[in-house]
Every structure is written in structure tokens, then in C-alpha cells.
Amino acid sequence: MVVTTVRRILAFTAFVLLVAACSGEGGAGSTEDIVSTTEGIISGSTSPGASAAPEFPDGLDWINVDRPLSFAELRGKVVLLDFWTYGCINCIHIIPDLMRLEEEYADELVVIGVHSAKFDNEGSTENIRQVVLRYGIEHPVVNDSDFQVWNAWGARAWPTIMLVDPAGNIVGGHSGEGVYDVVKPVIDSLIEEFDQLGLIDRSPLDLNLEPLADSVLSFPGKVLADAAGGRLFVADTNHHRIVVADLESGEVTQVIGSGNRGFGDGGLAEAGFDQPQGMALSADGTLLYVADLGNHAVRKVDLESGLVTTLAGTGEQARSYPPSAGTLEDVELNSPWDLLLDGDTLYVAMAGSHQVWALQLDADLALPAAGSGLEGVVNGDAGTAQLAQPSGLALLGERLFFADSESSTIRYLDIGGDVGLLAGSGNGLFAFGDADGLGTEARFQHPLGVVVDGGYVYVADTYNNKIKRIDPDSGATETFLGGEAGWRDGADALFYEPGGLDAANGKLYVADTNNHAVRVIALATGETSTLVLYGVERFVAADDDYNGTVVTAETVQLAAGEATILVEIEFPPGHKVNDLAPFSMRWRSEGVADFGAGAEVSLVAPEFPIEVPVTLAPGEGTVVGDVTIYYCTTEAESLCLIDEVRFEIPVEVGPGGTDSVTVSHFVPAFP
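Going by our numbering, the residue at position 78 of the sequence shown is 78; the numbering climbs one at a time, nothing skipped.
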């Protein structure tokens, strides 16, 4: 197969170049010039290219557009190709740069993501589609799983960008991070030059963006189970918040964060997060620490006072590579992905710099605990060891296990000692797969989560859609649950890129990322269920900032006295009301209506239409009903989709009016 052949070549050449692109040279803060694919370094020159850009091959899958694109139709635009693979942290780092360029050059620039997958799982168009939604990518993306585009352009590392001028010719390329500062002056000059020739096309490119239905959770990354407090903390990553729920019932008791992407301290409802991931809880259960991934920070939440503050990090990615040690207040971090608290030391899986850090809370100091900053698989001395995007942490005695995602291994740091390998090949960044076995015989594919419980190290083997478990003494690895991507509860459960794990009370809690859900596994039997979270609307649906659908009815003539509002909710084929979460309504009026005890209604498994009794007094006013609908697909009945609708009904109450009015709403289908 072509992919296999390419990967054999990449196992040597791309690994070397990945170090250059992903471990500092050409990485964050780089100012290297754009390099022409035909003429070497062009020293900042912005002359139009001399070689025509090779056209995209036929037969490739495209995302965010309804047809394949060609350079012929893109004449008049500056085109930026972004060669990426979605598990690579450096590829994630440049997404904000690309978004910034797209915003500044909305009429002149077209960004096209060329997804050339490293891992087998990343080659699936459906999986790429999920990542496009996860990271809010709104430019065309082509699935280059067989490396046809990659080879045609001579790409050698992730990420690599290439620029094409408005005449369709190659200008040059750049590998690594720091994309904005490198390409902005080149884009400026190209636009100026071609504008003078009247050759800039500022007409918009037709896009067909991937839809994403509202769900209670959006791509949850990590979970934290608090057995003593009966709480489950969920990193609701793409809603940029932490959801706190009852560990058993799933009722939401707290929401931490405004739900809007940002970086700001303050109260629970106003604090800003950016794609939060791992969490840790203080021994007394009053302080929650959060790995605020997109803000390159560690946040602290006082659960008693309701105050969110920044413990470490500045809100910006570290300017130096690897980051330098410093005080908690001043230190710069690089994509913290997971946290683990051991006494007064908060360990950080620093995915962006391929290190494990230690935040010494009692000494106000942050410093590396393992990893030189070079990406690789080198064990031994903690200071010179090479890690590869550590993304999950678990502690057993004095041994700190970590999911080393890009090397597809489970490794460990003996605190105060060396780095070692528990399971997985350990033979470089391309030795991945799916196999049970002893120690180095085992294979994983981009694991993101680990937890220790009952004598095992449990692993979220993310790209294999599995939960595996390892004997920490022998390294013996076996599949516990899962297999193909999907959603199925019961003894033969299915998952879809699970990202985080925690254990409590004989149960394993799983952040089932692409299923937008929390799954619960009884460890004694393997029986799996879905924890349905409900009640989140109480924390986010403020009257003065309503985010749901507003349905305004025409003015209705009603008679004074007893009347009925009929609420009709219609579902698309393959969808139904979720019988595991309550359907809720809250009614109010400006003087003309009295709902009495029926002002707030919560029903499980309601039948429609629902009758809402109301007593009307003569006059004019508006009746308002806020309705929260938990629903699911018939194939995944535990999937908790959420739709919120506000009915606004202008009424005139007087002689000759009727005694009922019907309002209806059609909920959206899950994509």
C-alpha cells in the first residue's frame, strides 16, 4: 500500500524533520524565512513564484466545501496550504495563526488544510471531520491519507505551510510554528503587487461548513471523579467550561466558566477558559486545578468561594523553547494537557514541550521534572530523557505513569529518579498499532489517558477506540473494552476516541470525546452505561443573554379565565425525547397570566403536546416560556443532545377570545 511505503520512508526522514519542525527549530517563536520549494531560501523576497502549483489529485475527500477545489478556480487568491495531522500538538498550535490570517485577509486569502495522516486512525475522513468541528476550522480541508499531495509538494514535516500566489505559482514554504509572523509580510507584498496588476479576486469562496448539533457536552477531554464528595468534574472542552455533576445521578450542580472562549479570572459564571483538559482536586476537596490548554495556563478554582484565578501561565504560549523554570506567577507554559496533585506538588503533562513539569505549590516554583524538550523516546536520566507529547498522568506510589501519545507508549517517571517504559514499542514515533502483549510487545495508537485502580493501569487507547489495562509490575497489556469506533453500552461497549479516565467506587469514568458523553464502566463486570447529565441549563440560560432559539407567535386573542397552552415538540426521523433526562419548562408573564404551581415544570418521558394550564386576566401582555429539551438518536439513546427554545406569545385577553393556544418547535437533527 502507498501509505505503508510512505510511512517506512517517513520513519527515518520525517522523524528527523519532525524534531526540527516540532521541537524548537522552526517552532514557536521562529522567524525563519519562507523557503522556496525550487529556489532555496529566498531571503524574505516576495517575488511571485516561477513554478505552477500542482493540482489536487482527483478522488480525494473534501470537508467544509461541497466540491473539490482546484488552483485554476482559485486564481486571484493568495492560497496557503497547511500540511497537518490532527494528533500533532504543533499542528494544533498554528490553528490560531491560521484563523488570524483568515480574519485579516478574508477577501484575498484562502487557507486549505491538507490532512496527511501520521496515524492510521487519522486517515479516516469521518475522524478528520470530527477534528475540524473540535477545533472550529472553517476553511476547506482535503483528506490526503495516501500522501499524494504531500509528495507532490515535497513536504517533510508536520506542520508545513506552502504559499501560492494569485497567478497559481508556488512562492515558498515554512515548517514549524510561528506561521503568522513568517507569512504575513509575504501575503502583504503579494496582495500589493497583484492588486496593482488588477489580478486580485475578492469574491468570497463558497463554503459548506460541517454542522454540529448542540449537546450537553462538546468533545469532553478529561474527567475527575471525587468519591468523597460524590462529584464528577467534566472538562467540557469545546464549551470551554467545567461541568460538575452528581457522581451517580448525573444532575449538574455547578458550571465553572462562562462557556465562551477566553482568558479571564473571576466568578464561576464569568471566568474564561480555552479548551480545558485535565484536572486535579485538593485533598480537602475545596480547590480544583484545571489544565487550561488553549490558554497555556493552569487555573485554580476555589469551589467554596466560587472564584477562579490563574495559578501559573500568562495566557500565551511560552516564547522560549523549551519553557524556562520560574515562579508560578511569571512562568510561561506550553499546552498543559493533564494534571496530577501529589501533596504540595502539582505535576503537569506539558504536551507542547514534550515534558512533565512540577509546580511546587509550597515553594511558588514551576520547573521541568522530566524531558529535555526534544521529541523522542529516550529513557533514563529525567533531565535528558526525550518524551513525545505526554497527555495523561497517573500515580502509583512514587511512580508517575504518563500516556506518551505521539510515541504510542505508556511510560513512567520514578519521582526523583529516571524515566522508563511500561508498555508499547518504544522504538520511535512511528511504532504504533493495536496489540496486546507483554511490555514492548504491546501496541497502542495515540493514547491520551491513564488511571491506576485495583492493581491495574487503565489506558484510554484513544485512536484504537479502546480501554486497555496493564499490569504495572510486568507490563502485561490486554484489551478491556472497545474496538471499532462507535457507541454501544452493555458488556460489549464501543467508544469513539476516548480521551480521559478516572476511577471511583469500583467504576471507571470515561470522557468519550467524539461521542460527547461520559461513559461509566463497572470494573468487576465490564458492563458499560452512559451517564446522562441534566440540569446544565439552570446555569447558562440567563434571561438577558438568551442563547437558544426564540419562537415569536402572532398575537393571540384569548378569553379571560382558565386557558391552556399546548406545547408541541417535533423530532426529526431517528430522534426522540431522552427518557433518562427531564424535559423542563419555565413560564412567566407580564401581568396577564398566572401559572401558579405550573410556572416551572419538569417531566420525564413526556408525551406531546403538553398542556400548560394558565389563568388569564383582561389586558395585553406577553407570555414567555423557556423550554429545555433533552433528546437523543434512536441508535444512541443515551446521547444527550440539548435544544433550548423560548416561546414568546403576545396575547390580548378579553371578550370573544379562545381558551387555548398552540406553540410548536422542530428540534434539529444530530449531524
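These aren't lab readings, by the way, just hints derived from the structure by calculation.
Glycine is no exception: its CB is placed at the ideal position from the N, C-alpha and C atoms.
Errors might be hidden in some of the hints.
Unchecked claim - Simulated DEER-style distance windows between Cβ atoms:
no. : residue 1 : residue 2 : range
1   : G264      : T564      : 16 to 26 angstroms
2   : E652      : E73       : 51 to 61 angstroms
3   : L207      : D181      : 51 to 61 angstroms
4   : A106      : A491      : 29 to 39 angstroms
5   : E55       : T555      : 50 to 60 angstroms
6   : L197      : L365      : 28 to 38 angstroms
7   : R538      : S70       : 45 to 55 angstroms
We went through each hint and held it up to the structure:
1. G264 - T564: 16 to 26 angstroms: 46 angstroms, violated
2. E652 - E73: 51 to 61 angstroms: With a Cβ separation near 56 angstroms, E652 and E73 satisfy 51 to 61 angstroms, so the hint holds.
3. L207 - D181: 51 to 61 angstroms: 27 angstroms, violated
4. A106 - A491: 29 to 39 angstroms: At roughly 52 angstroms between Cβ atoms, A491 and A106 fall outside 29 to 39 angstroms, so the hint is violated.
5. E55 - T555: 50 to 60 angstroms: 58 angstroms, holds
6. L197 - L365: 28 to 38 angstroms: The hint (28 to 38 angstroms, Cβ to Cβ) is violated, given that L197 and L365 are roughly 58 angstroms apart.
7. R538 - S70: 45 to 55 angstroms: Given about 50 angstroms between the Cβ atoms, the range holds.
Hints 1, 3, 4, 6 from the earlier list are contradicted by this structure; the remaining hints agree with it.
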